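Model the placement of chain B on the given structure of chain A, informed by the hints.
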Amino acid sequence: MSHTNALSFPPPSPSTGTAPGVSQDRSQDRGVVLQVKGLVTDFNTASGTVHAVRDVSFDLHKRQRMAIVGESGSGKSALAMSLVGLVPQPGRVTGGSVKLNGTEMVGLDDAGISRIRGKDIGLVFQDPMAALDPLKTIGSQFVETIRVHQDVSVKAARKMACDLLGEVGVTDAKRRIADYPHQYSGGMRQRVLIAMAIANDPSVVIADEPTTALDVTTQAQVLDLLAKICDERGNALVMITHNLGIVEELCDSVNVMYAGRFVESTSARALFESPAHPYSKALLNCVIDPATTKRGALPAIPGSPPDLSIDEPGCPFAARCPIGRDEPRCATERPESRALASGAVVRCHFASDIPGDEA
Amino acid sequence: MIRNILKRLGVALATVFGASVFAFVLLRKVPGDPARAIAGDGATDEAIAALRKSMGLDDNIFVQYGNYVGSLFRGDFGFSYSTGNSVGTLLAQRLPATLELGLLSVVFAIAGAVIASSIAVYSRRRWPDRFLRISSSLAMGSPPFWIALLALLVLSIQLGIFPGPEGRLSPGVLRPPNVTGMFTVDAVIAGQWGTFVNAAWHLILPAIVVALGPFAFLSRLYRNQLRGTLRETFVTVAQSHGLRRFPVYARHVAPHGLLSLLPAASLLFADLLAGSLLVEKVFGWPGIGSMTADAIIQKDFAVVQAVLLLAAILYVVVSLAADLIMTAADPRTRVGAR
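Chains as they are written, first to last, in the numbering used here: chain A, 124 to 482; chain B, 4 to 341.
Hints were generated in silico from the structure; no laboratory data involved. Since the model is a prediction, treat every value here as computed from it, not as a measurement. Virtual Cβ for every residue (Gly too), placed ideally from N, Cα, C. Hints may contain errors.
What the hints assert, rightly or not - Which chain A residues face chain B? A few, computed with CB under 10 Å, are given here:
| no. | residue |
| --- | --- |
| 1 | Met204 |
| 2 | Leu231 |
| 3 | Ala234 |
| 4 | Arg238 |
| 5 | Ile239 |
| 6 | Arg240 |
| 7 | Gly245 |
| 8 | Pro257 |
| 9 | Asp274 |
| 10 | Val275 |
| 11 | Ser276 |
| 12 | Ala279 |
| 13 | Pro304 |
What the hints assert, rightly or not - Covered, in the sense of this in silico footprint (three residues per stretch, anywhere, with C-beta under 8 Å from a C-beta of chain B), are these stretches of chain A:
| no. | region |
| --- | --- |
| 14 | 207 to 218 |
| 15 | 265 to 272 |
For reference, chain A alone in the conformation it holds in the complex (with noise of 0.2 Å):
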């Protein structure tokens, strides 16, 4: 059985008012953009077949901003590129199926997918230091995605280019326009890469670790630009990041990875109140508040992630989990997503979305 988020979107509980961004107008379109079913992707290295990605679903609502939580190696990344046919070699997606708009994109030619890249699909990237060309200026590259998929001049383009970076609060758009990558700083460049994504108004936009590469302060001004334009334009957001606290501020959904797997879907909300899944509640351990985190030792999860090239029979969060480290049936079978009371999805046998129950 696959993986599906069956949480009803948007979440049932009433929104705070806190979070920037996070409206309730945008609840209300319901259709669904981007449908993820049983996705595979694997990587044959010289050591054996790693297995990033694995059977991930889920399903993306207009104006939803979905967010991919989990540590270094669990397959963000991964499944990010597969959603728009870009792992990396020797990665390859092996299974399952990625419909954007009710189009097919798993096994398109590189015709086929490329006049959907940019223009229904939007990818925002972890390093904005190095995924500009430091050949050409920011207004040719510009220029180029937009002519990729509009027919107009490259006047017009580039005006069409001065505009958006106006609006993505590059200062000055009309003589920045003709300068080179090396003469913007990191949050410069990561706004000129949100605006080349959003260009040609794609309906979902992919936002893989956007502020990982840049200091704190610019940190928040890039994830609310990020938020501002979605909410804007309408489009969907993937949000994938390791840091819990961008999926509080700026999330409405949120399904924690590991090992490959979505190990828990549920609104942001619900996550934050009551974790179901142990690995999802040793994450949120893993938080440092300020305030009451003593001097010494940071909270860490004990043990390090499974080998993602062995196919282990059982639970793979089994060897790190307080539950299942003394449970039999957690080493030796693997547990199917289950919908909880609460609308949550989990991979556990055990996990209980009343507090104190599990075990």
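For chain B alone, kept in the frame of chain A given last:
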């Protein structure tokens, strides 16, 4: 910008000076007495001593170097006793043949490397890349004179596709009127198409043989640069914007490869003056290389010194030009950029 150029000019002059000292000292420290070689085996010790004195070989080495540099500035490259000509005359005679060969092999090497590695990297199949890797290893590992002999044996003598080692023209074909000294160019200028075909026919095989080593080196360099650039994030980003494979390759991958190819190619060009030494000898090509090979055997100091110095100057000039082009071509180093 001016300061930058002056700085590089300074370094260039220092390099040439270093090369002249090196050539001078090295040739005076190798065993063998040029005076004895000139005077011949039957000469008496007194005659040789007198000759050494008249050649200035008994002077202090600093004095000798001073004399050498002084005459250089008067345009006097010395006298080649083995041929009985001034070195300046010899160079003027020989240089066009070497330039013609060198230029064509540079074109062959660069064009071949760019085309072959582009195919190897762009192709979705594996065999073009494997083929390139194996053949470039072979080409880099084989001595050029050996390839030259092999090529002559098979392509000229066995198959008769190319002419034998008879120089730049078939016997009986007249030289075209001298303009550049390069026969193919001169023949075109004079409109002598028969001569052009004959000169080109003689030129192609040695040019291919000379180009093989540089081709192998450049194609490896270019291939690795392309493969490295393909892994850059901006390539994935361009794809994510909807660019197809070929435009991404042509606009965002190839320019980076070409930029890195430029300095390496310029160094090879300077190399070709001396590098085709034995190949010229094998093909009977009357250029600088065969002249130098003869001069080394004859201990004809003045000639070897002049060629070394010429190679150093060419090397310095070409790499300086490549530096300046690089600086202008790469926006990150372009002066005046904010």
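**Asked** So which of those numbered hints doesn't the model satisfy?
**Response** 2, 9, 10, 11, 12
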